[in-house]
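A.B. asks: Chains as they are written, first to last, in the numbering used here: chain A, 134 to 429; chain B, 564 to 843.
Please keep in mind that the hints were generated in silico from the structure rather than gathered at the bench.
It should be emphasised that the depicted structure is a prediction, and the values quoted were computed from it without experimental measurement.
Beta carbons are placed, not taken as given, at the ideal position from N, Cα and C, and that holds for glycine.
Some hints could be false.
Within a straight-line C-alpha distance of at most 27 Å, the following computed DSSO-like cross-link-like pairs (lysine-lysine) qualify [what the hints assert, rightly or not]:
#  : chain 1 : residue 1 : chain 2 : residue 2
1  : A       : LYS239    : B       : LYS573
2  : A       : LYS209    : A       : LYS394
3  : A       : LYS286    : B       : LYS802
4  : A       : LYS394    : B       : LYS802
5  : A       : LYS195    : A       : LYS394
6  : A       : LYS239    : B       : LYS572
7  : A       : LYS209    : A       : LYS195
8  : B       : LYS668    : B       : LYS752
9  : B       : LYS788    : B       : LYS802
10 : B       : LYS666    : B       : LYS752
Stretch by stretch, here's where chain A covers chain B in the computed footprint (C-beta under 8 Å, at least three residues) [what the hints assert, rightly or not]:
#  : segment
11 : 583-589
12 : 606-618
13 : 827-834
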Amino acid sequence: MTVAPYPDRVRRFVRRYSMPYLFIAVPVLSIIVFLFIPMIASFWWSLNDFSGIQAATFVGLKNYIQLFTADPIFIKTLLNTTLFVLMGMGIGPSLGMLTALLLNQKVRFQSVFRTAYYLPVMTSLVVVSTIWVMLYNQNGLLNSLVTGLGFTKVGWLSDPRVALVSVALASVWQGFGFETVIFLAAMQSIPRELYEAAMMDGANPSQRFWYITLPSLRHVIVFVYIYGIIGSYQVFDQVYVMTRGGPVYSTSTIVHYLFTKFMDLRLGYASAIAYVLFAILVIFSFIQWRFFTEKN
Amino acid sequence: MLTRRTSPKKYFNRGLLYLLLVVSSLLMIIPFYWSVGTSLKLERFVFASPPQWWPAPFSLESYINILTRIPFLNYFANSVFVAVATTLGHVFFDTLAAYAFAKLKFPGRDKIFFLFLIVLMVPSQVNLIPVYRIMNSLHWTDTYLALIVPNLTSVFGIFMMRQFMMSIPGELLDSGRIDGCTEFQVFHKIALPLAIPGIATLVILTFMDRWNDFLWPRIVLNSEKLFTLPVGLAQLQMKNTSNEAQIMAGTVLTALPMIIVFLFMQRQFIEGMTAGALKE
Numbered sequence: 134m135t136v137a138p139y140p141d142r143v144r145r146f147v148r149r150y151s152m153p154y155l156f157i158a159v160p161v162l163s164i165i166v167f168l169f170i171p172m173i174a175s176f177w178w179s180l181n182d183f184s185g186i187q188a189a190t191f192v193g194l195k196n197y198i199q200l201f202t203a204d205p206i207f208i209k210t211l212l213n214t215t216l217f218v219l220m221g222m223g224i225g226p227s228l229g230m231l232t233a234l235l236l237n238q239k240v241r242f243q244s245v246f247r248t249a250y251y252l253p254v255m256t257s258l259v260v261v262s263t264i265w266v267m268l269y270n271q272n273g274l275l276n277s278l279v280t281g282l283g284f285t286k287v288g289w290l291s292d293p294r295v296a297l298v299s300v301a302l303a304s305v306w307q308g309f310g311f312e313t314v315i316f317l318a319a320m321q322s323i324p325r326e327l328y329e330a331a332m333m334d335g336a337n338p339s340q341r342f343w344y345i346t347l348p349s350l351r352h353v354i355v356f357v358y359i360y361g362i363i364g365s366y367q368v369f370d371q372v373y374v375m376t377r378g379g380p381v382y383s384t385s386t387i388v389h390y391l392f393t394k395f396m397d398l399r400l401g402y403a404s405a406i407a408y409v410l411f412a413i414l415v416i417f418s419f420i421q422w423r424f425f426t427e428k429n
Numbered sequence: 564m565l566t567r568r569t570s571p572k573k574y575f576n577r578g579l580l581y582l583l584l585v586v587s588s589l590l591m592i593i594p595f596y597w598s599v600g601t602s603l604k605l606e607r608f609v610f611a612s613p614p615q616w617w618p619a620p621f622s623l624e625s626y627i628n629i630l631t632r633i634p635f636l637n638y639f640a641n642s643v644f645v646a647v648a649t650t651l652g653h654v655f656f657d658t659l660a661a662y663a664f665a666k667l668k669f670p671g672r673d674k675i676f677f678l679f680l681i682v683l684m685v686p687s688q689v690n691l692i693p694v695y696r697i698m699n700s701l702h703w704t705d706t707y708l709a710l711i712v713p714n715l716t717s718v719f720g721i722f723m724m725r726q727f728m729m730s731i732p733g734e735l736l737d738s739g740r741i742d743g744c745t746e747f748q749v750f751h752k753i754a755l756p757l758a759i760p761g762i763a764t765l766v767i768l769t770f771m772d773r774w775n776d777f778l779w780p781r782i783v784l785n786s787e788k789l790f791t792l793p794v795g796l797a798q799l800q801m802k803n804t805s806n807e808a809q810i811m812a813g814t815v816l817t818a819l820p821m822i823i824v825f826l827f828m829q830r831q832f833i834e835g836m837t838a839g840a841l842k843e
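In isolation and in its complexed conformation, chain B is listed as follows (with noise of 0.2 Å):
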């Protein structure tokens, strides 16, 4: 820092970097253009040798095929529905959990913790057939109760958002009850608020687990206009009308939604993923 000079050996170094970067994020960024442009072309020049680096002609044909033949529409309204009501499910019943948990005081409190914990080893796939004859039992199996209710509350939220509450003052709390608040209106009046940066959290991991979910919906759901987005999106990869236009054009139709939120609350993901992992 004391010289302002900069070494040629410096600039090849940064001239490195720069080219490191750019290349590697091309190959991020390549795969996603393809597909857009594929689904803006028609379908005879989908495979053309060379590559057709842009549509030419440009064509929106794929787009009025899907959107008329498939109800992609409705997988987009399933996925948001369902994405959304599990998500509230979350943040409602984690947190009040979360909060009993980790601020009041109650018989068998570290043992039923602990046992909740021992679940978080099993894989998922353990339970996937017994839960599927619950819901067959019940004719929940093709309905959206399938895909809601068994996810209204996970052992992870709760844990996460346990972390939070633990840091709100006790003092704090028995200031509400001494007002005369019931032990709810604490947790919604003066837990909860101070709750919110964790809650941002484990929105948007709940928002992306749920929206994102493929083998559950797959396997529970038969009725094609109950189908989420990614379980639409294979079925129209699978059938052999579809061309590679059509898929690309689902595929794009698929993705933009999330891209979207993500590009406009980016800060938010990313400290919301990492703080799974570096939450000390």
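This is chain A alone, in the form it adopts within the complex (with noise of 0.2 Å):
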């Protein structure tokens, strides 16, 4: 076969190609601008000392050493965030799985019982942030309960030790019911034969549980902990509305802390978080996006 000559060549190529890459060039752009330069443009200022204001200078991995050595509140922010996501961990999915098994049940209103645990995660998080703001109040529902149990008040917001577990609680409440609904559509399409053929072995409803309806979920229970953990990771919103971070940091979270850093207009230091945040993630991203793709 013999070549054409370049202007053919090229011609033909436009003619054949064209379209396939009109098609896909606003997506490219918008991820070359909002994306690919971006994350080389905060990781280039993660090495600058970089006020947004001023030129940047660079500084190398001051802005890191920083974080590590030099910054208690950056380390609490980090610890902070590590128990917010171990309790929302310890607390979502398996409540998540305890309502799928009860709706799972031959329940009538299921769908009723469905909505009631959906509601929240439909809702907003500075919604349901801000509701529970009311509730969590010196003299709010949960206190009335509190005192009327015979107890003293309780600072849900106020004392320090306390005021993480409340941004959790209030998290998990608003967030459980995400993984009621992907544990129950996954129970439901688990074969009934499975469960047949396993009460004809005489096995007990925990038996059928153990062996059968956990093992057929273990993919969307990995998925269920994965995408929490990298969601909660990333927590703001509750923050910012419920505690701003106090009182005296015992809720400030990483990317609170970043917000904070951006407000004082410290962007080297800001991005140097940033990056710290990703490097957490990256593992737990790597097997999210090892479970987007190897279905591909």
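Each of the two chains sits in its own frame; use the hints to bring them together as a complex.
C.D. replies: Here it is in structure tokens:
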């Protein structure tokens, strides 16, 4: 086969492929401008002293070193966020599993109960947090319950020892319905025959759960934890609305701290915080990514 | 199933099941009920002891107060506008790109798609400050453009729609091409209608995501008249001039539109949410 003259080859290439390239043009452009370039820019800034007003000065790893050796608030922030994730992941998915198991019985009004669990998931975190600020008020509903039971009032959001737990509980309340719905849908797709065969063999309900339900759900369970860990490490809205990181940094989280540094125009430092978050999440993101792409 | 006789133990178990369901559902509903109730109370009864389970007297004062004092209807209109515009962008650009990635052949296709997927691993906070700087240099901060333009398309949306597009048989598209359709017509007339279930999911996920977004609009907006509902509500809550009944009136107004839409389209919402996790 003879090779066509160059202009012809170009023309043919354009005629054949201009459409597909046109179809992906906007996303490609958008991803380059709003994702690739920013990713590189913020990595570069993380190696700089940069206020956004004056020109950046290269300082190497100084921001990172400062974060880990000279910024006890950041260390506190890391700990808080990790505790928040542990509390959320300790309770949320289990609660989701439990409620999904309840709903998976032959239950009347199943969809009504499901709606109740799911309603907060639909609602913005700002709304949910605002509601919980009221419930957690010194004279609010929860404290009337507590005093009604004969205990002294709890400073849900004002006591540094309690505040993080309160924020985490409100977050679990908001989010576990997502897990309920996911687990329920997955349970309903388990073939009935598996259960019937097990019942023939005389398996009791708890055996059926341990040997059929749980193994069938293992992919979904991994998904829920990975997705949950990634999401929880990025917690911001609840903290912003409920406590603004206080009292005395007891609820300050990574993204909230990043936000405050951004507001203080310490853009280099804030970028370093973003990259620390990225580093923490990279393993989980990679597992999630494998999930995504293996079906591909 | 052979014996219809129900044993006492079975009765007990059923009873326990419903008890757990009802109690847990109440725990989910009470905070919402309490917020609506509080919004209808007079300020001095908000933290009454013992708690007032039914607003007495019943008052719309807080609603009137915030609707006249704060541009809440503006927030609502802004939220609707931004969420609709970005969702339309997603529907068009994500499905079109997904179609190209799933059904067309062109040099570099798989490499580009792979690069797209890599981006999925990066948390959005990494891009926050640079994108803010870009918006700033374009003088787009404190305009709708900052909320809309960076959010017209997403890798996740393209990925999800690509899964749907893959299931469309190639022969169907070829028959369109033989009939003389342009590639865009093949997409528009044949592929798009077949991908409608996927688009419904995309619409729901995108709309919800944009409607509830907080950090980004909080950062790029300064003028009160441009606030979206979450930003407006957060500011209302922060102001020390607002009392709890007013804050709750704002909360109810913010939450209500989405809850109404959800109650009407519950099945689609739940299918949409599970699609992301369970698609196999």
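A.B. asks: Assess, step by step, whether the Cα of LYS239(A) is no farther than 27 Å from the Cα of LYS573(B), and give holds or violated.
C.D. replies: holds, 13 Å
A.B. asks: Against the 27 Å threshold, does the CA-CA distance of LYS195(A) and LYS394(A) hold or violate the hint?
C.D. replies: holds, 16 Å
A.B. asks: Is the hinted pair LYS668(B) and LYS752(B) satisfied, with a Cα-Cα distance of at most 27 Å?
C.D. replies: holds, 19 Å
A.B. asks: Are the Cα positions of LYS286(A) and LYS802(B) separated by 27 Å at most?
C.D. replies: holds, 25 Å
A.B. asks: Sort out whether LYS394(A) lies within 27 Å of LYS209(A), counting only the CA atoms.
C.D. replies: holds, 15 Å
A.B. asks: Are 3 or more residues of the segment 606-618 of chain B near chain A, judged by a Cβ distance of less than 8 Å?
C.D. replies: holds (count 4)
A.B. asks: Does the structure keep LYS788(B) and LYS802(B) at a Cα separation of 27 Å or less?
C.D. replies: holds, 16 Å
A.B. asks: Take a quick look at whether LYS239(A) and LYS572(B) sit within 27 Å of each other, Cα to Cα.
C.D. replies: holds, 17 Å
A.B. asks: Quickly compare the C-alpha distance for LYS666(B) and LYS752(B) to 27 Å and report which way the hint goes.
C.D. replies: holds, 15 Å
A.B. asks: Taking beta carbons only, do three or more residues of the segment 583-589 of chain B come closer than 8 Å to chain A?
C.D. replies: That given contact holds, which follows from 4 residues of the segment 583-589 of chain B lying within Cβ reach (below 8 Å) of chain A.
A.B. asks: Are the Cα atoms of LYS209(A) and LYS195(A) separated by 27 Å or less?
C.D. replies: The given pair, whose Cα atoms are some 19 Å apart, holds under the 27 Å limit.
A.B. asks: Keeping to a limit of 27 Å between CA atoms, is the pair of LYS394(A) and LYS802(B) held or broken?
C.D. replies: Given pair LYS394(A), LYS802(B) holds - Cα atoms ~22 Å apart, limit 27 Å.
Against the hints set out earlier in the document, no violation occurs for any number.
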